[in-house]
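A.B. asks: Below, each chain spelled out in residue letters.
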Amino acid sequence: MPKSQFHRYLLCWLAFGAFMCLVPLFASTGMVRVLIFANFLAIFAMSWDIISGRTGYISFGHPFLIGIAGYTTAILTRHLDAPLYVSIPLAILATLVGGALFFVPALRIRGTYFALVTLAFMELMYQLTQVIAPKITGGTRGLSGLKTIILGAVPNYYLSFFVMFAIAFCLWLIVRTRIGSALAAIRMDEEAVTALGLSTFKLKLFAFGTSAAVAGIGGALYVHYIGSIAPRALFDINFLFTILVAALLGGSGTIAGPILGAYFLTFLLEYLRPFLSGAERYLIYGAITLIVYVLEPRGLHSILERAYARIAPALARGFAR
Amino acid sequence: MTALLKLSGASKKFGGLVAVNNVSFGVEKGESLGLIGPNGAGKTTTFSILMGEHRPDSGSVEFRGQTITKVPTHRRVQMGIARTHQIPRPFGEMDVFENVRVGSMPDSVWRLIAEKEPERDEWEIIKSVGFGEREAGMLPGQLSMGELRKLELARTLAAGPEVLLLDEVFAGLTVGEIAQLTDLLLERKKLGMTYMIVSHDLRSLKPLVDRVIVMSFGSLIAEGEFDDVMADEGVREAYLGQARFDE
Chain A
1 MPKSQFHRYL LCWLAFGAFM CLVPLFASTG MVRVLIFANF LAIFAMSWDI ISGRTGYISF
61 GHPFLIGIAG YTTAILTRHL DAPLYVSIPL AILATLVGGA LFFVPALRIR GTYFALVTLA
121 FMELMYQLTQ VIAPKITGGT RGLSGLKTII LGAVPNYYLS FFVMFAIAFC LWLIVRTRIG
181 SALAAIRMDE EAVTALGLST FKLKLFAFGT SAAVAGIGGA LYVHYIGSIA PRALFDINFL
241 FTILVAALLG GSGTIAGPIL GAYFLTFLLE YLRPFLSGAE RYLIYGAITL IVYVLEPRGL
301 HSILERAYAR IAPALARGFA R
Chain B
1001 MTALLKLSGA SKKFGGLVAV NNVSFGVEKG ESLGLIGPNG AGKTTTFSIL MGEHRPDSGS
1061 VEFRGQTITK VPTHRRVQMG IARTHQIPRP FGEMDVFENV RVGSMPDSVW RLIAEKEPER
1121 DEWEIIKSVG FGEREAGMLP GQLSMGELRK LELARTLAAG PEVLLLDEVF AGLTVGEIAQ
1181 LTDLLLERKK LGMTYMIVSH DLRSLKPLVD RVIVMSFGSL IAEGEFDDVM ADEGVREAYL
1241 GQARFDE
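For the record, the sequence lines run as chains A and B. Each step along the first sequence adds one to the number in the numbering used here, with nothing skipped, and position 144 is 144. Each step along the second sequence adds one to the number in the numbering used here, with nothing skipped, and position 28 is 1028.
Because the hints were derived from the structure by calculation, they are not lab data. Heads up, some of the hints might be wrong.
[Said to hold, decoys possible] BS3-like, lysine-lysine: derived pairs with alpha carbons at most 25 Å apart:
id, chain 1, residue 1, chain 2, residue 2
1, B, K1013, B, K1029
2, B, K1116, A, K3
3, A, K202, B, K1127
4, B, K1116, B, K1189
5, B, K1070, A, K202
6, B, K1189, B, K1006
7, A, K3, B, K1127
8, B, K1029, B, K1189
I would like the entire structure built from these sequences, with the hints used as guidance.
C.D. replies: Here is the structure:
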């Protein structure tokens, strides 16, 4: 990446961070709560995008990873009264183990088959929590009354935002190195990558591990924000598709894209609520998503980049005057 | 002299089809070996066996005296063997420069992230195959077949091979481009690079190779210097049919 482009992106990140820090000063509590959900969705969408957007291994089972983190910390705090500073790191470690399990099929299969196997992982987790160990997991009802990290909308907003921002910034720093190109090359032609002397095993292991770690952080913090965990909500196909659509709509294969998508989707669903309180709003959300995707398959990120490319020369002329 | 890269008694079947049948040959350091034969003779499969993309049903592959039959492809590339493909396989969303950059990457996640990118000779390689600055910024979808072959070659050269297996590298190139590539390959040969070249373009192949081996229906049927092999009646019949090969 050229230095000027790096500085431009860095400036965008800093401006975004600064603006979002000021949001609670003028936003209502309701909007702040909506933004908290958007931040968590952005974390999950970024996690999905590391595997699917970068390497092209489409995962339909991401709630499996989020669920491992959520259930691990929920069980540890609820049944063993473990403090959060112990349960959350352990939950992230457990998710890394889950990520390794997720990685096994990627050694042999890809495409539709890989997507279906990952969907089976999610279903397996759903059954595991409900049928096999209901006493530990709370069965269908899940676990509620979990410890919260901090109280209040604004502190939780800052917590969720800083975690999301830190993850996004670190990922951006990582993918702008050569590993970003190597992972993208896997998506384009995995065999050609091997033919150039690179171990796709190592590269995919890194992508899956990073994705699992991010899902683990998001999942563990999320359950302690909402104070409960229930299999029906977590291993729900709507939840899965919200993650996927956020990443795809925002701009798959980018870092800013999943964040944009997550914010766009969360606000869209929230602002449709007064007009359409039931499941009908998903129809509108689906239609809008489809229109954006048809108009620009590379997502909102690409639309913004093109807009910037158009206005940048005019802005530069304005500053010059 | 000991062969740098050696194939011994290699056979490979795909279902009932014998693609490679008990083939043995070696290529010495600094040598340039042509591998010719009619379509379906098993030349590309032989390359795939040498690269570890296909495991032979029997036989072995040796490199620098070490058996590498079970060594995976990416390790063979790191050891110094690389190939181009008959059908170019560029990374479609990356420009020419980025494609070549991937070819020169180290096989270490840590080094890819933490190490400052060394001042490599990607530009030199890109220029050496005949690309200019304009082409370096182009996507593979904007390139002609000949340019795609040059990109494939540049990307493979970036991996720094000691032995280079070129599969139909001249197909789709203009006369001028073939001359340019020939010069490049001869120049690299002077520097000690070892080649194996599969080509149907015998005129272009001739000045490049020290020796030729001929395959037909998976078997090796002749081996020797270019003119001697071309004069062989068995080769003419198998490779050229009834037509004569005129200089």
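A.B. asks: Indicate, hint by hint, whether the structure satisfies it.
C.D. replies: Evaluated hints:
1. B:K1013 <-> B:K1029: 30 Å, violated
2. B:K1116 <-> A:K3: Answer holds: K1116 (chain B) to K3 (chain A) is near 14 Å, not above 25 Å.
3. A:K202 <-> B:K1127: 32 Å, violated
4. B:K1116 <-> B:K1189: The given pair, whose Cα atoms are some 31 Å apart, is violated under the 25 Å limit.
5. B:K1070 <-> A:K202: It holds: about 19 Å lies between the C-alpha atoms, which stays within 25 Å.
6. B:K1189 <-> B:K1006: 19 Å, holds
7. A:K3 <-> B:K1127: Judged against 25 Å, a Cα distance of about 24 Å means the pair holds.
8. B:K1029 <-> B:K1189: With a Cα-Cα distance of about 10 Å, the restraint between K1029 (chain B) and K1189 (chain B) holds, given a limit of 25 Å.
Figure legend: structure checked against the earlier numbered hints; hints not met, in rising order: 1, 3 and 4.
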